[in-house]
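Assemble chain B onto chain A, guided by the hints.
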Amino acid sequence: MIAQVVFGILLIAAIALFARNLGRIGRNIHLGKPQAINDRKAERWSTMARVALGQSKMVVRPVAGIMHILIYAGFIIINLEVLEIIIDGLFGTHRIGAFLGGFYDFLIGSFEILAIGVLLACIVFIARRAIIQLPRFHKPEMKGWPSKDAMIILVTEIVLMCAFLTMNAADFVLQGLGAEHYTQAGSFPVSAAIASTLNLSNLQPSTLITLERTAWWFHIIGILAFLNYLVVSKHLHILLAFPNVWYSKLQPRTEFANMPRITGEVKSMIDPSVPPPDPAPARTVAGAEVPERFGAKDIFDLSWKSLMDAYSCTECGRCTSECPANLTGKLLSPRKIMMDTRDRLEEVGKAIDAKGKWEDDGQSLHSRISEEELWACTTCNACTQACPVNIDPVSIIMEMRRYKVMEESSTRPALTSMFNNVENNGAPWAFGADRRMEWTQDA
Amino acid sequence: MPFNMEPSRIPTMAAFAASGEVPEVLFWVGCAGSFDDRARKITKAFVRILNAAKVKFAVLGQEETCTGDPARRAGNEFLFQMQALQNVTVLNGYGVKRIVTACPHCFNTLKNEYPALGGSYEVMHHTQFINALLKEGRIKVEGGGFNGKRITFHDPCYLGRGNNEYEAPREVLLKLDAALVEMKRSKQNGLCCGAGGAQMFKEAEPGAREVNHERGEEALGTKPDIIAAGCPFCNTMLTDGVKHFNKEGEVVVKDVAELIAEAGEL
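Residue numbers (numbering that gives the first Met the number 0), protein chains in the order written: chain A, 0 to 442; chain B, 0 to 265.
It is worth saying that the hints were derived from the structure and are not from the lab.
Certain hints may be false.
If you want a taste of the chain B side facing chain A, the calculated C-beta under 7 angstroms gives, among others [to be verified]: (1) N75; (2) L78; (3) M81; (4) V89; (5) N91; (6) Y93; (7) A115; (8) S119; (9) C156; (10) S185; (11) G196; (12) K201; (13) E204.
Quick caveat: nothing in here was measured; it's all calculated off a predicted structure.
Backbone N, C-alpha and C define an ideal beta-carbon position, used for all residues, glycine too.
Just chain A, same shape as in the assembly (with noise of 0.2 angstroms):
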């Protein structure tokens, strides 16, 4: 009794310190602008069901893919046996699921498979970054925290998935034993030849039900306690990859957004006899006023896509790995665009929840990503294409752009000439009207 109600305790509290702070998520993603992406609905519900539940995406490279499938799959199915750890340890039963007979032995025959699966698969993972040393994970942005979050993620798996074996193999050699309590249920395909392996059967009954209820405590305490985990790491990207993957951009690539406010005053330069629009008026966000800005200065002014983007990173570098520019070691990496955007807006959050309101703080997106980055990029999109769950790592550097050309009047020499030309001229080059139609001489 007292164990189900110190279990009940844990898992309300879990549940809901999770969900405080996923709501404190859902706040700072919408401290980015209103964006309206409603339309094409059918579309997007089939995008997601390809690229966030079938992880077409990721299979691109198939080793990482199918590795991650396993994992992805892994942690899927092996919830349907938190669920009933979870009415056990509220109810006191024991495999409450046995009454299913032979699925119920279907289904946990499955899992310990898969579990080995995960396992391994996280072994590869840790050697891919630590051994093998990818170059993907050891660009300047994942030195530090980074590296040892994906490496914390992985340990935590493989312990999760040890205790979920063990416990299994202590209940093998339980349920063998005709241990009160310990119903005959489930094959165990995996844990029983750990259980031989081991010579668990030598061990006193008393030891195996400590044995068997420490690992049963220690793996639902492991994932509560990593459930929390999510929300201060890239690993968010478990839940965030559907959203974010609904919500992704459906136009062509190239298509950039459009600013319908520049569209009134143009109107009105080219014919003086349209009024200039309203200026457009201020938004209040976190009890601040934050004014209208052409692009973006600061995560305030970007739409709350963008934000949830920089959540949904999971920082694996695809995105980087394709880009022209990082390719031939230019400054920029649309991985650190991400993950610069997501820790400046994590700033700016923990600034609201420690005053109540949002204070300007003299910095911005700009304090982190530098015009050299910005300038860097050839809008190929080779990084929207590369990324598992259509992040869109270009917006942010356009927004960026727009606010420093048409805010700072900043940009490279060689554009400002270009735009003296194309306003001049008609042409990015200085060649006028008149020449336009030069070619026609020798045609």
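Leaving out everything else, chain B in the frame of chain A:
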């Protein structure tokens, strides 16, 4: 060259409008196609194809102006919209329905970005247009002259990844009696030439190497006789990439339109 010396062979929209006729398609020449010495050759090759197929086309001539693409990519939305709204006024004024262009940047802007500013047209890249002419039998190509040659096609980002068109240029190239060889990074995974996003008009940011050297090396790795391009900027970048490796004597960079014009002896 003064305006009144324009050869009548290249009709303008103004001339069509004056005669009360409507062309089949507007050929959007683009700034590179009008002013860049290398790109002009592409323009002329495409005109030869249009003439051979007896396509009733027109150009805007002096009324054409930059689509605004480089201004928008470089963050100057005001300038982009100034250009775009002017162009939309001209295009709508002539009642233009169909546009073909040999520049994927113009193509992307006209096709995808003008509708939000009141300009909706059926826009084709010239490789799509040539492919249609071949399929309809309006032009015929004997690929004999290319027999035994190796051609590799470099996907322009704004045509391929940007607009999901990978097949039209390849279908056209397959009409030549040549071996079409793919680079490791092609189609969806094609590597940029380095010119997009207004990079064409500025110095590259500091780095270990130039993007077009990286791509040039990859293209040369397929041991091609010809590197085929579908974009005037890619063409410039790849030509420089080939020169960087001192291979300009062995490998030529040509636009798909130039190859078809050559093969058809147009």
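- Query: What hints, given by number in increasing order, does this structure fail?
  - Reply: 4, 5, 6, 8, 10
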